[in-house]
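Please build the complex by placing chains G and U on the supplied structure of chain B, with the hints as guidance.
Chains as they are written, first to last, in the working numbering: chain B, 1 to 393; chain G, 1 to 393; chain U, 1 to 393.
Be a bit skeptical, because a hint or two may be false.
Copies of the same chain look alike in the list, so a pair counts if it works inside one copy or between any two.
Cut-off 27 Å, straight-line C-alpha distance, at most; resulting in silico cross-link-like pairs (DSSO-like, lysine-lysine) [unchecked claim]:
1. K306 <-> K73
2. K102 <-> K9
3. K102 <-> K253
4. K347 <-> K306
5. K88 <-> K253
6. K347 <-> K9
7. K73 <-> K347
8. K253 <-> K73
9. K306 <-> K13
The set of hints was computed from the structure by calculation and includes no laboratory data.
Single-letter residue listing:
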Amino acid sequence: GDDEDLDLKVKWKGAPEFSNKDGSFKFKIRGRIMGDYDNVDQDTAITGEPDISGTELRRARLGVEGVIMTNFKYKFEVDFAGDEVSTKDAYVAWANWAPVEKSEVRAGNQYVYSSLEQVTSSRFITFNERAAFIDAFFLERQIGVGVLLGDDHWSFQTGYYGAPPDEQGDFSDDTSAFTVRGTVAPINTDTTVLHAGASYRHRDAGTSRDTGTAELFQYRARPDNHLADRFIETPNFASGDDMFVLEGAAVFKSLSVQGEYAQLEADDALAGFNPTYNGYYIDASWFITGEMRNYEADSGEFGRTKVLNPVTDGGWGAWQIAGRYDVLDLSDGSGAIPGCTECGEQKTWLIGLNWLTTDYTALKLQVAQAEIDGGANDGAEITSVGLRAQIDW
Amino acid sequence: GDDEDLDLKVKWKGAPEFSNKDGSFKFKIRGRIMGDYDNVDQDTAITGEPDISGTELRRARLGVEGVIMTNFKYKFEVDFAGDEVSTKDAYVAWANWAPVEKSEVRAGNQYVYSSLEQVTSSRFITFNERAAFIDAFFLERQIGVGVLLGDDHWSFQTGYYGAPPDEQGDFSDDTSAFTVRGTVAPINTDTTVLHAGASYRHRDAGTSRDTGTAELFQYRARPDNHLADRFIETPNFASGDDMFVLEGAAVFKSLSVQGEYAQLEADDALAGFNPTYNGYYIDASWFITGEMRNYEADSGEFGRTKVLNPVTDGGWGAWQIAGRYDVLDLSDGSGAIPGCTECGEQKTWLIGLNWLTTDYTALKLQVAQAEIDGGANDGAEITSVGLRAQIDW
Amino acid sequence: GDDEDLDLKVKWKGAPEFSNKDGSFKFKIRGRIMGDYDNVDQDTAITGEPDISGTELRRARLGVEGVIMTNFKYKFEVDFAGDEVSTKDAYVAWANWAPVEKSEVRAGNQYVYSSLEQVTSSRFITFNERAAFIDAFFLERQIGVGVLLGDDHWSFQTGYYGAPPDEQGDFSDDTSAFTVRGTVAPINTDTTVLHAGASYRHRDAGTSRDTGTAELFQYRARPDNHLADRFIETPNFASGDDMFVLEGAAVFKSLSVQGEYAQLEADDALAGFNPTYNGYYIDASWFITGEMRNYEADSGEFGRTKVLNPVTDGGWGAWQIAGRYDVLDLSDGSGAIPGCTECGEQKTWLIGLNWLTTDYTALKLQVAQAEIDGGANDGAEITSVGLRAQIDW
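Extracted from the complex, chain B is given alone in its bound form:
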């Protein structure tokens, strides 16, 4: 019959992944929706900001990924949350050229690889938002060239990058970033994972085409809730920065601990004082229902959790409880930097309860309390509740 000629295989991964029979071509649609409700007590008496009650599509993404003739890969995904375009991964890669699990040279928009929590997909992070330093130190995607290598017990990423997509063409001399990250997993078994990593990133501010001057960097973050305001925030003052990050994680069956420490030295272009900022977090989580976090050693990140008893099979799904302590300190030299009125420190406690109903769907609830030390919002306590419904395909 005709079907004998049908050069097609399919794997159901949320959406179907199609491939031809020899696997040299692959194609899959990808996407995710995260719908949030956030309620935030913003300590109006101190901060002057009103309390928050609101919904948002935190992420609403559609994209594709594929393989062409075995050695070329592409990934392209766009986020439409807030009815705005935000290009995520958008690259072409030359892949599988080294005798290890993962080997890619990517050209296009991609992460400036710097942190375990950064490179772990928003679909698979434990809390609703990543730790504060990841937001503050701009661990985002930029357009450039990256090299990725990895195997069962290590990973390595490096790259050189120009502007991020929303600023492309704005600079005569792009914002640029160089990064290098390495991770090791001396233990990586079905029951136990031990992960350690380190990275270094250097950035230079771009030169605006319009003004001819550098567009200086700023550092700021929200109290681990996306609809909250920002209560620690520097002015735009840095012409460049150097960042070091240390990563650690350990998983034993359904238990997991994870932590990172980041230190950033900023080159103050205005007052000549070069402050050192730092941020760190440590979290612990437990799958009551016995699941284990899924570690991907060859890229040094966490992936999709396999739910043991999905609710669609009559099970309870996966229930996970988690806690995190998250600190970001932007207070160094706040007196020496003009306009540094909100250069304080933020310490946030979070408790989370996640219900992974299937491998692709989840409800996530988190409560956070952040304390501000220093700056105009000194003494403020920001308490938030965040509820998320998510699906990906």
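Just chains G and U now, kept in the frame of chain B:
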């Protein structure tokens, strides 16, 4: 052969709908293009607005829908008309949990279910534009949680919602909406449909993060042609509103009549006078070629018409003629509301001729004449011709 | 087995093209990513513009194309480069109604067919950017109706169009364009192609809804590098224009020459002097590795090159060297047109080296030197290097 292992089924619905063999996973790309030419005589002598001759992509959408493990569904669609992003349905749903045809709990961006014409897809409405009250009373999508139930002779929808996608994060306290809608179809056979429905919606205006004050609602509409200007329009004055809608429709073979009446009571935040606005329409249509409008009782809406003799098979396609009378009255208390200079009434007659060449393609021609009573444009007659080419997949 | 009922065929064209067995339905996802690094010496001493070093996603597109019931086609593609929406082809077509290879009536957003280089996809052009006159004379897509016909030795396109997507609804009377283009290929064999073509386009400026006056046309171009500034540029002065284009191309095995000449007469709405602008280019290219440019006679354009020995099969891929001379002259009557301070001439030499690693992937390197004659930037020499990584699916 290998094909015996291919866990794939396909149905051709414009684009292919893929599913695995047991039907627990489904996936389909969706989209639509509507290309319009509009010509509008705007009665410049009275209104001061120039006549219009122009083309537009009225809708240009791309999206996906799918089922994951039987009980989870998602739908995500974005409109790019005018080179702008407008997120349409973007939700995750827990489905098929009740012993009826349709049972869903949806989280994300979705309709605030209020009206038969609103919930009927723009692909399947009889005229190019929905009736004026649907535009004026903001029967749009917002981000929240909805519950949908329905079976062969009834449907029920309720929900509570926050901001629409383009305003998410703008409010300290979101625009919110609560809605409940019920419909019955005591007769629902292959030749005859009788539909009745009612809904209630309450809204509160959101509190702007920037100003700390409520972003008051405004009411306005176009004369049933999308490139025309608006000739009745209130100022932004309402802090909240309550809306009641009554729906009725009857289909007998190729004949159909449909009508709705909506009444909205606005809470005037400025002058204290609370006006009552109303709108209604009644339309009748006839498929000369014998087709019947396709009623979907479990959601209380009309769906895709099955064309008996598509032009691609050498047939004439489906030819439909239709007429509508559409009234929107925003004149109540116009003297008492400051700035209510254009708070008039609009009465519009429409005649339409639709050529459904196949199930997925159509040419639509409509002529409309609107009369403005009251307000600054009192006495104006707006005459328009609208031509649309559409396809969906 | 079940598979005997699977009404599906697949062709792997980057992404899979699905069709049903009788070919009456087809569906394919399409897209492209082009990641660029550009370095431009902008002759700051004369032009005052800084030198450029930057990266960008030159194109980042996602879309679909399909056939519904044999005679209806659609194509819809959106570009997200720079985190902005730019709608590309977005039309429904009635197809295959004439006994020739190609017959379509398209409604929606589509090219105003005017030039060989314009209608050749950006994936398949020889250099990174099209010739300067194509940018300067706005050979872009607009929303309207087009008729396309073609066979093995000729093609014909005509159409009438309103606003482009980003301006739809802005005009009371749209920017409009009428165009007609014809091409012939007296020789079109496996080794030899001879192409000639001509086109005429008339445009009228649109009437702004806001101001009630015409939005006058402007003419300008970059020195064949997309991150460079523009050094020849007229003010907005033309209420309409007439353009004539002559096309020629010859391919003999791996050698190709191509050239076009365009002349545009602008109706000066301000000073009454109607200047005549012109632009032309000629390029030559050679596939060292023996490939031949792929000519599509029925649409009068070049298509995808078939790489003889892809790198993924251990080959060298296709290596192509190319040169171009590209002239745009906007100097006519510069003294008579108020504000015409940069109405000069630009002459650009380009050398290109393209490495087509597979049919779907390429690295492109080009060096360009442009000389400005006349106007404020008289005597400037702009030298640029452009490097591109691209993939399409």
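Broken hints, by number: 4, 5, 6, 7, 8
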